[in-house]
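Participant: Here are the chains, one letter per residue:
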Amino acid sequence: MTALAHPAPAARDVLALRRSLGAPGPSRTAVLYRLYVGVLLGFVVGGTIWETLHDALARFGAGLLTEAGPACLAAGLLGAARFGLWQGPVAFSAPDCSLLLTAPLPRDDLVRPRLRAGLLGGGTLGLLTGALIAAAAAATHRASPAVAVCAVAAAALLGALATAVSWLVEASPRVATALARWSAALVVALGALLAAGLHGGGARDVALWSGPWGWPLVGVAHGTTAGVAAAALALLLAAAAITVASRAAGACPLERFVQRGRTTSSMIASLGSYDLRTTGVIRRRALGAGAERARQAPLPRLPAWLARPALAPARRGLLALRSGGARALVAAALGLGAGAGAATGRPAWAAAGCLAGYLAAAVLLEPARTEVDVPGRAALLLPFALGRLLWLHSLVPAGCLALCALAGACAAAIAGAAAPAAPLAAAELAAPVALVLTLCATLVARRGGRVPLSVIILSMADPTGGMTVVVWFLVGPLAAVTAGSVLVLGPASASGTGAIVAVAIAAGAAGVLAFSLRRSLLRRPATTTD
Amino acid sequence: MPAPLAVEGLCKRYGRLEALAGFDLELAPGDCVALMGPNGSGKTTALSTIAGLLAPTSGSVMVAGHAMHEEPAAIEARRRLAFVPDQPLLYDDLTVANHLRLVACAHGVAQDGLEDDIASLLERLALAHRSDFVPHELSRGMRQKAQLACALIRPFEVLLLDEPVAGLDTAAVDTLVMVLEELRAEGAAVLVSTHQPQFAARVADRTLTMHDGRVSAPAA
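Those protein sequence lines, which keep their order, are chains Y and Z. With this note's numbering as the guide, the letters of the first sequence map in order to residues 1 to 530. With this note's numbering as the guide, the letters of the second sequence map in order to residues 1 to 220.
Because the hints were derived from the structure by calculation, they are not lab data. Be aware that a few hints might be false.
Quick list of simulated restraints, FRET-style, between CB atoms [what the hints assert, rightly or not]:
1) Y/120 to Z/187: 44 to 50 angstroms
2) Z/6 to Y/469: 39 to 45 angstroms
3) Z/57 to Y/395: 53 to 59 angstroms
4) Y/265 to Z/111: 28 to 34 angstroms
5) Z/116 to Y/173: 56 to 62 angstroms
Far from chain Y, some chain Z residues (derived; all Cβ distances over 12 angstroms) [stated by the list, open to error]:
6) 74
7) 76
8) 103
9) 108
10) 175
Derived contacts from chain Z toward chain Y, CB cut-off under 7 angstroms, selection only [what the hints assert, rightly or not]:
11) 52
12) 53
13) 179
14) 180
15) 181
16) 184
Even glycine gets a Cβ: it sits at the ideal position worked out from N, Cα and C.
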């Protein structure tokens with residue numbers, strides 16, 4: 001107990017012992033199989049991305065790469081930085097935190113190997129992005145091999161830079177606070193960057209040279225000499241960032257690793273059971289995001305005549321509206337709804353508006369999801385049955401989205417849409433109501449959005465079972481978007497009978513919800529086994 | 001000579017919640033203090049903050065004169081402090097014996113006689129027959145004993161135990177009491193949190209009762 005004289009060994013020796021004591025790695029066959037799957041997936045995913053990019057360039061012109069590229073790469077950099085707010089490139093498991101990080105070893109010696117691995121991973125991802133840029137540039141006959149090399153190098157360095165930034169956010173509470181505070185402003189700056197790029201001319205050059213997000217594309221726009229200069233700048237900046245990140249290796253408080261270790265294990269567990277909702281909740285909790293803060297905030301005060309128990313669910317809906325994500329989605333639904341109304345007859349606008357509406361409804365129905373998660377809680381704490389509770393929860397989302405749709409109808413009327421104003425307004429109002437009610441019914445039927453055990457077992461038993469899970473997740477959005485598009489487009493292009501059909505579909509959605517509630521065990525919370 | 005453990009004005013806040021509000025404690029060699037209190041009173045937060053797993057909002061923790069939350073001084077503090085958390089945190093792929101080998105290596109324990117030390121420690125904790133088992137093959141109580149063994153295989157001056165008897169059978173509790181008595185006789189300072197007054201009475205010479213993050217009732 002008292003023999004404290006022995007010096008601790010070097011961290012690398014301890015890590016080497018950890019590796020040698022642990023379970024042997026996978027067999028050669030298993031490694032080859034993983035490699036095969038990885039290459040196959042790479043071809044499928046890479047091919048899809050390449051096809052999409054190629055089609056976009058063919059449709060919108062070769063200039064798109066240098067016009068929208070800087071904003072896209074800057075968005076990636078911001079995403080990497082925000083990743084550091086709740087996870088970051090360096091992670092330790094709970095046993096690592098308990099047994100290794102509490103040992104008398106220099107902490108930076110334990111952190112650096114993982115940081116190096118993260119930098120390598122970020123650099124590889126950047127390299128692949130750069131290869132994609134180079135291939136796209138070559139396909140549009142605008143790039144020499146030297147330009148391609150510059151683009152790949154600058155993109156790889158951008159990947160490493162993004163990892164270094166992510167680590168600095170993870171390691172420093174001060175940097176993390178600043179990023180959280182300025183994220184909204186940075187998103188606005190991204191919009192400005194995109195606008196500058198699309199404006200062309202001098203503004204596009206400013207966007208290209210404004211930071212490391214534009215440097216991989218400088219050569220594509222201005223040739224080899226400029227590309228080499230941009231790659232050199234990227235090298236200098238990445239080297240500086242990596243040096244700073246490496247110096248900060250020992251600065252991260254152990255508490256952050258402990259929190260992130262818990263987040264990692266919880267996320268892996270929830271992803272393993274395809275529970276995306278819980279995964280999102282874990283991420284938001286780790287992030288301390290606005291949505292969580294909004295849920296912890298006191299319920300909004302209401303006048304006495306409105307402060308009745310029956311309106312308690314609606315008040316929770318209003319509370320959900322306080323989160324930044326919900327506001328952004330509602331704003332998107334509003335804008336796209338208006339666009340869909342104004343540009344009647346254009347399916348893309350209508351589909352985009354309905355998708356935004358679906359996502360907004362999904363966020364606004366979060367209080368209803370929590371009721372479905374633990375049905376017994378509502379039975380104990382609130383004076384009405386769960387079925388009525390879900391109806392009440394649908395009020396705020398339906399009202400909110402109906403206002404968005406009404407804006408769309410007004411825009412259509414002002415723009416002189418082909419359809420008569422009254423049927424169009426009825427159809428636009430019916431769409432979000434049907435959307436929300438369908439979502440409510442889906443919540444009940446799917447127990448809040450958790451993949452049932454039968455589907456999980458099927459996905460593991462069948463080699464193509466993964467698709468079953470994907471389809472399980474996609475059915476709701478696809479049905480909502482398709483039905484919504486039909487609802488909006490039908491009456492706009494035809495006559496008043498379309499509006500009658502739309503209202504009938506909304507009534508049908510209400511019937512589906514009622515049927516789901518009657519059939520579901522959730523109707524009798526005391527007997528459920530969840 | 002500085003005290004093995006000196007805690008001064010330790011505070012820990014989680015947003016609005018003040019989990020620890022001005023925690024002071026000083027342990028002399030051979031001292032054993034029990035922390036008691038209801039759930040959520042701050043016992044685990046106090047121990048985790050002292051052990052360096054949580055960063056304090058304010059206050060200081062000195063282990064034999066070395067600041068626990070300031071690198072690189074914390075290296076010396078970590079060398080002198082051992083912590084047994086309330087939940088066993090063990091590697092899925094390491095056997096009990098390999099856990100002890102790894103911890104011993106990380107703390108610079110001499111390799112000469114290490115295997116004998118591991119064998120005798122596991123024998124004492126009634127884990128010898130499970131030394132080649134990985135954690136998921138062990139019961140909750142055995143995992144707790146394995147975590148305890150990880151703390152005892154290495155040298156220390158201060159031992160922190162968070163709910164050490166949760167999940168242990170009577171014989172294991174008796175063994176733990178004997179081990180703690182021996183450690184104290186050798187000069188180790190012990191801080192233990194527990195919900196069991198009988199266990200506290202057996203091992204501790206002082207009991208502190210915590211409530212809402214504060215020591216509300218120091219008792220002899």
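Participant: Give me the numbers of the hints this structure contradicts, sorted from smallest to largest.
Facilitator: 2, 3, 5, 6, 7, 8, 9, 13, 14, 15 and 16
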